[in-house]
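> Each chain, letter by letter, is given below.
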Amino acid sequence: MSEVKETPTSAVAADMADERLILSKGPAGIATMVWNRLKGGELGTLPVIVGLVVICAVFYAREPTFLSSRSLVTLTQFAAPTGIIALGIVLVLLLGEIDLSVGSVAGFTSAVMAVMVANHGASLLVALLSALGVGLLIGLVYATLHQVVGVPSFVFSLAGLLAFQGALLYTLGDQGTITLPQDSGLREFARDKFLTDAQAYGLVAIAVAAYVVSNVVGIRRRQVAGLTPPSLVGVLVKAAAMAVGLGFFCYYLGANDARGVGYLFTFFVLLVVLMDLLLRKTKWGRHVTAVGGNEEAARRSGIKVGLIYTSVFGLCSTFAALGGLMLAGQLTTVSQSSGTTDTNLTAIAAAVIGGTSLFGGRGSAYAALLGMLVLQAITAGLNLINVESEVRFMVTGAVLLLAVAIDSVSRRLRSSSGRG
Amino acid sequence: MTTSATAPARGKIVLSLAGVNKRFGAVQALSDVHMEVAAGEVVALVGDNGAGKSTLVKVISGVYQPDDGEIFYDGKKVTVNGPSAAQDLGVATVFQDLALCDNLDVVANLFLGQERLLGPIIDEAGMEKEAWRLLRSLSAKIPSVRIPIASLSGGQRQTVAIARSLVGAPKVVMLDEPTAALGVAQTAEVLNLIERLRESGLGVILISHNMADVQAVADRIVVMRLGRNAAEFRVEEATTQQLVAAITGASDNVVAARTARSEARSAEGPAGTEGDPDE
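The listed protein sequences derive, respectively, from chains S and Y.
Taking the working numbering, the leading residue of the first sequence gets 1, the next gets one more, and so forth.
Taking the working numbering, the leading residue of the second sequence gets 1001, the next gets one more, and so forth.
Hints were generated in silico from the structure; no laboratory data involved.
Just so you know, these numbers come straight off a predicted model, no measurement behind them.
Where is the CB? At the ideal position from N, CA and C, for every residue including glycine.
Worth double-checking, as some hints may not be accurate.
Covered stretches of chain S (chain Y as the covering partner; in silico rule of three or more C-beta atoms under 8 Å from a C-beta of chain Y) [to be verified]:
id	region
1	221-232
2	256-269
3	301-310
Non-contacting residues of chain S with respect to chain Y, defined by C-beta distances greater than 12 Å in every case (computed) [as the list claims (entries may be wrong)]:
id	residue
4	Ala61
5	Val148
6	Ala159
7	Leu169
Given only the sequences and the hints, what does the whole structure look like? Please build it.
Structure, rendered in structure tokens:
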């Protein structure tokens, strides 16, 4: 009996042996699978991409220059600093925590850098590293408060929001505003440096090649392990789409006398890709997701939950400092209003709009990129059609509410269709 | 199967506890508890709700630190100051609430905390292959290991949790109520599995309320009551009535003691013949 049963299963890959599995083959099968996932609440980044397309269409209809090369160059460059801050927010949200103080930390650390450079004649590198160090230190203090004292993150980061705004004012002293020197490297990096065509297309080629190679290696490994590999054609189609999409993006940003892809935006995108790989491919990332999903289960599996919290709070504040420094470079000044409420809430809103769940355990580094592009598109579009900031705040608020509503509904869909 | 082949590993005490105390505020959850498990032995831990079974499991698995008492592993005194320390020693635990992450898939849950790495990268293909091997060895009915845990039934989750305990090649496996949520066939599978664990020379601690399960697979039965060792039986010499009496404390009073004495005096023969073991 058992031998008769054994023969057919051994011919099939281990992961396809169960007779209850619904096999989906060909384009129709893939379409059915995608539809079922959406119906089950696995929305992923779809809502934010749809939102981005709708926003672009609306503004383009009102004012065609919205999608001009120049306008997109500005849009991408201005999205980057706050986007870097949002990347840290994605991490804390993954743990189901929050950091309300990122804006103040960004402002305070950039003030530290500016004072060191302008008043104490420190070299830029030393000043930048000190500012990042201060950011990291703040994150470690937060982690200690959370782990040792047991203060909820909402409370200590609210305290931080106030305290570091005060620290910003104290650091700036009577000066009020510090302007970075004209020849400052930070200023050049954030404002004036753009990829040459060769660099841009080179990066695209590297990205596509890395994608293809890593996937082919993955397919190979699964074949060796006797598991069904993903289809090579699918990988190649995706790689081709990626090459065309990114290539066109680089071309369009450099066309019509526009300046191309900025160093700052490239830096932001590289950080996003790096964080995405860390989250999906490494032990640390797996443990962050696990702690966000079920902290007690993670602890009992031997994960050092305290270390995960420490690393995440540390990274979040460091990203906040980094974003603040980039913001300072971009605006060329650090003032008493650096990193105040607007930056703070934009960064948090970007992470949430990008599809990071507020309930922990779900989200991707790309949420920071996509969410920030949505918010920056709204800002840029409303500026273009001469609408004042009061409307911008209202629109941003509505979009944020919509994003959280989508998150909540998809969560309910998931639990009713058994997808956790 | 090949009992004689693993016989040399048997009989050696792998884990023993002495004088373990644990307090939660004003509640003495464990007082002066002792227990030992040998290689190739199944020790059942039984007791009423609140008897301290789960607390004892958590002490052994490092989730709680005992207030007093000593734990010996392989004859050496050890301190288990965390779940990972217990894992490193070779003590694996399947908790009653399973402790699975709903947002991760089956493979990620099986290897949580013990991921296989290729350099800095998680070896997904290798882990998935091993996951299928483990699940097949338990005759698990799980259609795909790439679906989130949330979409599995209670029995399937239990199987995943048991499979997870075997990932790190442990020496002692603790199962807290492993059959509570299972159907008839799956319960039998788990009991088979426990016997397979014993045959391969592991020490097994089984916590259960189900006397039939306990008597089917255990070698020794440790009864706990109100945080203390109440009684200990070889499975051959214990009847269900004796076990229930020890668990509920029905034998723990003057009247019961008198009755037992007079019964023993009046009729030497009939009592004690019904719990005949299967060996």
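> With reference to the structure, classify each hint as holding or not holding.
Now for the hints, and whether the structure bears them out:
no.: 1; hint: 221-232; result: holds (count 6)
no.: 2; hint: 256-269; result: violated (count 0)
no.: 3; hint: 301-310; result: holds (count 4)
no.: 4; hint: Ala61; result: holds, 40 Å
no.: 5; hint: Val148; result: holds, 16 Å
no.: 6; hint: Ala159; result: holds, 30 Å
no.: 7; hint: Leu169; result: holds, 42 Å
Violation of the numbered hints given earlier is confined to hint 2; every other hint is satisfied by the structure.
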